[in-house]
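A.B. asks: So the chains spell out like this:
Number of protein chains: 2
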Amino acid sequence: MDLIVKKFGGSCLQTDEAMRNAAAIIRDTCRAGAKVIVVVSAQGDTTDRLLSRARAMGKEPSRRELDVVMSAGEQLSASLLSIAAAEAGVSCVSLLGWQAGITTNSAYGAARVQSINTERIKKELRTRDAVITAGFQGVNRAGDMTTLGRGGSDTTAVALAAAFGAEKCEIYSKIDGIYTADPALEPESVKLSEIDYAAMQELAFLGVKVLNPRAVELAQKYGVVLEVRSAFSQAEGTLIRENADMEKLLISGVTKKSGVALIRVAGVPDSAAAFGLLGLLSDADINLDIILQSSGADGVGEIAFTLEKENAQRAVCLIKENAGAGRLTVTCDPEVSKVSVVGTGLQSHRGVARAMFGALSETGVNVLMISSSELRISVVVKQEEADRTVRALHRVFIHA
Amino acid sequence: MDLIVKKFGGSCLQTDEAMRNAAAIIRDTCRAGAKVIVVVSAQGDTTDRLLSRARAMGKEPSRRELDVVMSAGEQLSASLLSIAAAEAGVSCVSLLGWQAGITTNSAYGAARVQSINTERIKKELRTRDAVITAGFQGVNRAGDMTTLGRGGSDTTAVALAAAFGAEKCEIYSKIDGIYTADPALEPESVKLSEIDYAAMQELAFLGVKVLNPRAVELAQKYGVVLEVRSAFSQAEGTLIRENADMEKLLISGVTKKSGVALIRVAGVPDSAAAFGLLGLLSDADINLDIILQSSGADGVGEIAFTLEKENAQRAVCLIKENAGAGRLTVTCDPEVSKVSVVGTGLQSHRGVARAMFGALSETGVNVLMISSSELRISVVVKQEEADRTVRALHRVFIHA
Numbered sequence: 001m002d003l004i005v006k007k008f009g010g011s012c013l014q015t016d017e018a019m020r021n022a023a024a025i026i027r028d029t030c031r032a033g034a035k036v037i038v039v040v041s042a043q044g045d046t047t048d049r050l051l052s053r054a055r056a057m058g059k060e061p062s063r064r065e066l067d068v069v070m071s072a073g074e075q076l077s078a079s080l081l082s083i084a085a086a087e088a089g090v091s092c093v094s095l096l097g098w099q100a101g102i103t104t105n106s107a108y109g110a111a112r113v114q115s116i117n118t119e120r121i122k123k124e125l126r127t128r129d130a131v132i133t134a135g136f137q138g139v140n141r142a143g144d145m146t147t148l149g150r151g152g153s154d155t156t157a158v159a160l161a162a163a164f165g166a167e168k169c170e171i172y173s174k175i176d177g178i179y180t181a182d183p184a185l186e187p188e189s190v191k192l193s194e195i196d197y198a199a200m201q202e203l204a205f206l207g208v209k210v211l212n213p214r215a216v217e218l219a220q221k222y223g224v225v226l227e228v229r230s231a232f233s234q235a236e237g238t239l240i241r242e243n244a245d246m247e248k249l250l251i252s253g254v255t256k257k258s259g260v261a262l263i264r265v266a267g268v269p270d271s272a273a274a275f276g277l278l279g280l281l282s283d284a285d286i287n288l289d290i291i292l293q294s295s296g297a298d299g300v301g302e303i304a305f306t307l308e309k310e311n312a313q314r315a316v317c318l319i320k321e322n323a324g325a326g327r328l329t330v331t332c333d334p335e336v337s338k339v340s341v342v343g344t345g346l347q348s349h350r351g352v353a354r355a356m357f358g359a360l361s362e363t364g365v366n367v368l369m370i371s372s373s374e375l376r377i378s379v380v381v382k383q384e385e386a387d388r389t390v391r392a393l394h395r396v397f398i399h400a
Numbered sequence: 001m002d003l004i005v006k007k008f009g010g011s012c013l014q015t016d017e018a019m020r021n022a023a024a025i026i027r028d029t030c031r032a033g034a035k036v037i038v039v040v041s042a043q044g045d046t047t048d049r050l051l052s053r054a055r056a057m058g059k060e061p062s063r064r065e066l067d068v069v070m071s072a073g074e075q076l077s078a079s080l081l082s083i084a085a086a087e088a089g090v091s092c093v094s095l096l097g098w099q100a101g102i103t104t105n106s107a108y109g110a111a112r113v114q115s116i117n118t119e120r121i122k123k124e125l126r127t128r129d130a131v132i133t134a135g136f137q138g139v140n141r142a143g144d145m146t147t148l149g150r151g152g153s154d155t156t157a158v159a160l161a162a163a164f165g166a167e168k169c170e171i172y173s174k175i176d177g178i179y180t181a182d183p184a185l186e187p188e189s190v191k192l193s194e195i196d197y198a199a200m201q202e203l204a205f206l207g208v209k210v211l212n213p214r215a216v217e218l219a220q221k222y223g224v225v226l227e228v229r230s231a232f233s234q235a236e237g238t239l240i241r242e243n244a245d246m247e248k249l250l251i252s253g254v255t256k257k258s259g260v261a262l263i264r265v266a267g268v269p270d271s272a273a274a275f276g277l278l279g280l281l282s283d284a285d286i287n288l289d290i291i292l293q294s295s296g297a298d299g300v301g302e303i304a305f306t307l308e309k310e311n312a313q314r315a316v317c318l319i320k321e322n323a324g325a326g327r328l329t330v331t332c333d334p335e336v337s338k339v340s341v342v343g344t345g346l347q348s349h350r351g352v353a354r355a356m357f358g359a360l361s362e363t364g365v366n367v368l369m370i371s372s373s374e375l376r377i378s379v380v381v382k383q384e385e386a387d388r389t390v391r392a393l394h395r396v397f398i399h400a
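Chains A and B, in that order, give the protein sequences.
The numbering of the first sequence is our numbering, which starts it at 1 and goes up by one.
The numbering of the second sequence is our numbering, which starts it at 1 and goes up by one.
It should be emphasised that the hints constitute simulated quantities derived from the structure, not laboratory data.
Where hints are given, some of them may not hold.
All copies of an identical chain are treated as equivalent in the list; a pair is satisfied when it fits inside any one copy or across any two copies.
Said to hold, decoys possible - Within a straight-line C-alpha distance of at most 25 Å, the following computed SDA-like cross-link-like pairs (lysine to any residue) qualify:
no. : residue 1 : residue 2
1   : Lys122    : Asn105
2   : Lys122    : Asn140
3   : Lys122    : Arg64
4   : Lys123    : Asn140
5   : Lys35     : Phe232
6   : Lys174    : Leu292
7   : Lys123    : Gly143
8   : Lys122    : Gly143
9   : Lys59     : Asp16
10  : Lys123    : Gly101
11  : Lys174    : Ser372
12  : Lys35     : Ser62
13  : Lys257    : Thr118
14  : Lys221    : Val330
15  : Lys221    : Gly149
16  : Lys168    : Lys382
17  : Lys35     : Gly143
18  : Lys59     : Thr29
19  : Lys168    : Ala266
20  : Lys320    : Asp16
21  : Lys309    : Gly165
22  : Lys257    : Glu321
23  : Lys209    : Leu277
All chains should be modelled from the sequences, with the hints used to inform the complete structure.
C.D. replies: And the structure:
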């Protein structure tokens with residue numbers, strides 16, 4: 001008997017009609033003879049609305065209580081979808097995180113799955129065709145509810161697929177696959193029929209929101225085959241698996257991430273000062289993304305880094321207050337974008353970097369910062385130049 | 001250390017402001033040195049809204065899934081109130097039914113509490129001042145969530161008060177006590193400072209909505225002292241306990257219940273036919289309230305009964321279809337009211353009935369039906385005469 005995990009994102013459950021559509025998808029798979037473990041997110045913007053209701057009650061709500069508030073969202077979508085699926089003729093039952101045996105650590109709001117007790121779901125699937133599980137939530141050893149953080153339902157789905165040795169874990173959203181660039185930005189972008197885990201993870205980190213990077217990591221670890229597909233179309237999606245046939249494309253995609261700020265600190269006397277400065281930001285829970293450090297012949301150097309735009313103001317103040325404002329010059333560009341080219345073995349192909357910079361220079365884009373790894377090359381550009389950058393790079397690499 | 005149970009109804013939690021008000025009440029009691037077990041209902045009309053969302057997904061949703069949907073309401077109010085109470089300075093934690101150890105049978109939608117495991121709450125109260133428990137919900141032995149039916153949060157509160165030997169169980173709503181008649185109807189109605197369980201139960205059955213009759217029954221069984229009081233006023237409420245000092249009032253209240261229909265069936269040949277007719281309605285899950293049967297000298301008689309107005313049409317059809325329409329005459333008055341006088345030992349005071357009928361006859365009210373028990377005398381009157389009936393009886397008995 002085939003077992004398939006299907007995860008439905010919030011956009012697939014937002015309206016009554018969308019719910020019935022998801023129910024029909026489950027029914028069709030069951031009719032074809034498979035058992036289905038369904039994992040659901042909260043409907044539409046429910047999570048945000050719940051969060052704002054909690055914040056209205058207390059300036060800094062306890063994380064434990066926040067998780068109780070938030071998990072009501074997935075509870076509702078699981079039970080409502082179970083009712084809709086039953087109406088469509090599916091023999092099914094809804095299960096919450098604690099009922100589905102999903103045990104996590106106690107990091108409320110960002111809990112990690114520690115183990116899955118498969119007993120209850122196995123028991124239900126003996127007599128039913130589907131169980132509808134609330135994603136994003138679990139229970140810790142103290143018996144309290146936890147949530148897995150943004151995109152946590154993807155993680156629930158992959159963890160269940162791994163625990164049950166499911167044939168495939170299908171991730172349903174409004175988007176019908178992984179594209180070489182955002183189709184809204186680049187009409188010539190191409191849907192990938194396959195991509196491997198590492199490249200997908202980079203894409204997810206770099207702004208492709210359809211899949212949580214932690215879930216991709218987990219899928220790779222347990223060899224779970226993922227498929228990203230649309231709940232509103234019959235089109236085949238994109239398969240994510242090891243040794244994917246990347247269709248001979250060296251580059252699997254071009255991504256854009258906005259909402260980024262760039263801060264430059266000049267006049268940093270030595271590397272101890274540089275280290276102190278980074279420690280300062282880290283202590284304040286400000287995560288930095290790309291960090292570049294350079295030093296002149298006199299030992300006095302510069303540090304430049306990117307970070308989430310929301311944290312920029314706070315970072316600038318912290319540096320000015322604590323790091324001897326007299327000697328340092330801090331400049332902040334609060335609105336830049338990071339455009340990345342993702343592919344396998346980029347650094348071993350020297351031609352890629354050359355082609356990239358050639359294309360950008362031809363287009364007249366001003367590159368503010370560059371960072372590269374085995375799997376990607378990112379450039380930081382002014383926000384208003386980002387879309388042009390995406391199109392230029394896509395033209396060079398995907399349709400070369 | 002005193003332990004007090006406080007139950008907040010939906011109207012006490014409807015808005016952010018109401019939530020903060022409830023939080024302040026909890027804080028004040030904790031500051032006075034008591035530990036508090038709080039039990040909450042869903043906010044405002046949440047339960048109705050959840051129910052209608054579930055019905056949009058399936059014509060006849062499974063009762064098990066309905067209970068998962070519904071219990072999200074109390075989950076939200078418990079966690080939000082816990083955040084508000086913490087903000088007010090209370091050391092507290094929220095617990096859902098399954099966490100609070102409330103085990104029920106599996107009658108989804110109308111489950112009965114079977115046992116309470118006090119361990120978790122005891123553990124929390126060792127280090128905290130309050131636990132905020134989701135009312136109305138429990139868990140059955142299969143590990144599924146159940147709900148206790150309308151007014152179930154009252155039952156949760158009383159069951160917890162009994163299990164923990166609480167000093168008092170306070171029922172907060174918008175209403176500041178039990179009155180001798182609805183104050184909106186009878187300006188001269190008086191708030192009772194005390195009332196005993198049996199009379200309170202009759203009042204609850206007869207339309208006083210502030211307290212669930214099942215909860216009163218449970219309170220009597222375990223000797224839990226109840227207090228009905230307002231969350232929005234400092235006024236003392238009404239105490240409900242055994243051997244209450246009823247302030248020498250023979251009568252504790254006059255109630256009105258509308259939404260009642262009266263059906264008369266004439267030409268019933270014998271008592272076997274009458275029995276068959278009642279069985280027919282019972283099989284169709286139509287509950288009857290007052291039933292009167294009379295027979296003439298020829299053995300042919302009449303049955304009259306009251307029932308919920310919603311069921312009247314269905315009952316009439318059933319009788320006509322199944323009970324030999326030729327011989328029977330069915331008439332239905334779809335809009336009548338039941339007005340009752342409640343007190344202790346009514347039947348042993350023959351003067352009460354006489355005074356009652358005297359008052360009604362003077363007022364020119366047409367009594368359609370009469371029924372009495374040890375604790376109450378009810379008259380069925382036309383709906384438009386009901387308010388006049390309440391005022392007349394209140395004048396005679398409470399301000400005699």
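A.B. asks: Quick one: which hint numbers does this structure break? Sort them smallest to largest.
C.D. replies: 6, 11, 13, 14, 16, 19, 20, 21, 22, 23
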